[in-house]
Structure formats: C-alpha cells, structure tokens
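Student: Sequence:
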Amino acid sequence: MSLTQVYLGLGSNIERESHLCAGLDALAGFLTDLRCSAVFESQPVGIKSGPFFNLVVSAYTDLPLMELDRRLKFIEADNGRYAPDRKGLPLDIDVLLYGDLSGNFDGLVLPRAEILKNAFVLWPLSLMAPERVHPEVGKTFAALWRDAQIDQVLAPVAFKWRGQQLTQGL
190 MSLTQVYLGL
200 GSNIERESHL
210 CAGLDALAGF
220 LTDLRCSAVF
230 ESQPVGIKSG
240 PFFNLVVSAY
250 TDLPLMELDR
260 RLKFIEADNG
270 RYAPDRKGLP
280 LDIDVLLYGD
290 LSGNFDGLVL
300 PRAEILKNAF
310 VLWPLSLMAP
320 ERVHPEVGKT
330 FAALWRDAQI
340 DQVLAPVAFK
350 WRGQQLTQGL
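Residue numbers (this note's numbering): 190 to 359.
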C-alpha cells in the first residue's frame, strides 16, 4: 500500500505539555517517520483562553483521508476535547495537508485555510517544509512565511518529547 505525506497542526492550552505529548504518542502509534517542528507559544485566536502551545508534525500514512481525520478526532476525545465540562482546549489536531489534495472532502477543506491565516501554523510549517509549494497559492512555505503580514506574536518554547528537545536554535 502506498504512503501519503501528511502535515498536521497540534495545539493545546490546558496542561499543554502533557496533552501535546499524549497526542504525539498516539500519532506515533499509527503514522510513519513522524517529525516534529519547534514548539511555539501563542496567544489564542478566536477564543478567550490562556496561551497555547502549537507545533506542526510531518508523517506518512497509508490511511485514507477521512479515516485519518476520524482517528485524530478519537485522539482529541481521549484527551478531553469534547468533554462537556472542559475549560479551554486540551488538544486540537488538524490535517493541514494530505499529499497534494486540494478541495472539500466531506467538509474537510484542504489545504487548511489556517495555514495562511495563523503564524502558529505557517511558521512551524515553513520550518518543516520550506521548499514545499502551497498547492493553491503556488509559493513555497518559506516564501509565504517571509512575506506574511500576520499580526500574531509567537515565542519558541523549550519542549521535550520522548527525551528529544524539539525547539532548538530559533
């Protein structure tokens, strides 16, 4: 079976380290060649809450898009995303890119619009895949980040997963 490269965005604003590590552990259980960007702290966008930790991961999967998305929803649920009494966002995992797919797939729009709107998505994505071309805009992610006019403040934060420091040299 062939593998498709995917890019996922992860974020958390509640027990940020533990929820992101739990999400990464779950992803490592069924994705191949999982690589992580640096982790950034950002202020919330669109909700009132405490600051978020965000990162982007690159990996390969043999799952069809909708099955991948279904599994991501299970991981979010396991981390309290849909709990009726939750305060904030324990874990959010979004498919940013799935191969070169572009369009609306049963309500899942790819590439994800947040790539171009949020610094906490575009900066780590530009670090992970600087020469990859956005399938709709036709520019590399490095060029998109360089030219971005997004009014959001990000700060790289020290973050370890499985003994590896994810944020280095920024």
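Some clues are possibly wrong.
Said to hold, decoys possible - Straight-line alpha carbon distances no greater than 27 Å define the calculated DSS-like cross-link-like pairs of lysine-lysine that follow:
| # | residue 1 | residue 2 |
| --- | --- | --- |
| 1 | Lys262 | Lys306 |
| 2 | Lys237 | Lys306 |
| 3 | Lys349 | Lys276 |
| 4 | Lys349 | Lys328 |
| 5 | Lys262 | Lys349 |
| 6 | Lys306 | Lys276 |
| 7 | Lys237 | Lys276 |
| 8 | Lys262 | Lys237 |
| 9 | Lys262 | Lys276 |
To be verified - Pair by pair, the computed Cβ-Cβ distance ranges are:
| # | residue 1 | residue 2 | range |
| --- | --- | --- | --- |
| 10 | Pro253 | Leu223 | 30 to 40 Å |
| 11 | Arg335 | Gly277 | 15 to 25 Å |
| 12 | Ser191 | Pro324 | 30 to 40 Å |
| 13 | Ser207 | Ile236 | 12 to 22 Å |
Don't read these hints as lab results, they were simulated from the structure.
Glycine included, each C-beta is placed from N, C-alpha and C at the ideal position.
Student: How does the Cβ-Cβ distance of serine 191 and proline 324 compare with 30 to 40 Å: does it lie in that range?
Tutor: 18 Å, violated
Student: Are the Cα atoms of lysine 306 and lysine 276 separated by 27 Å or less?
Tutor: 25 Å, holds
Student: Checking one constraint from the list: CA of lysine 237 to CA of lysine 276, max 27 Å. Satisfied?
Tutor: Cα-Cα ~10 Å, so holds.
Student: Given the hint of 30 to 40 Å, check if proline 253 and leucine 223 actually sit that far apart at their C-beta atoms.
Tutor: 19 Å, violated
Student: Taken at face value, is the distance from the CA of lysine 328 to the CA of lysine 349 at most 27 Å?
Tutor: 32 Å, violated
Student: Going straight from one Cα to the other, do lysine 237 and lysine 306 come out at no more than 27 Å?
Tutor: 18 Å, holds
Student: Are lysine 262 and lysine 276 close enough, with their CA atoms no more than 27 Å apart?
Tutor: OK: lysine 262 and lysine 276 at ~18 Å, within 27 Å.
Student: Tell me if the straight-line CA distance from lysine 262 to lysine 349 falls inside 27 Å.
Tutor: 24 Å, holds
Student: Regarding the pair lysine 349 and lysine 276, is the alpha-carbon distance no greater than 27 Å?
Tutor: The hint holds at about 25 Å.
Student: Against the 27 Å threshold, does the CA-CA distance of lysine 262 and lysine 306 hold or violate the hint?
Tutor: This hinted pair holds, its Cα atoms lying about 23 Å apart.
Student: Would you mind confirming whether the straight-line C-alpha gap from lysine 262 to lysine 237 stays at or under 27 Å?
Tutor: 22 Å, holds
Student: Falls inside 12 to 22 Å, the C-beta gap from serine 207 to isoleucine 236?
Tutor: Since serine 207 and isoleucine 236 have Cβ atoms about 20 Å apart, the given range 12 to 22 Å holds.
Hint check: violations occur at hints 4, 10, 11, 12; the rest are consistent with the structure.
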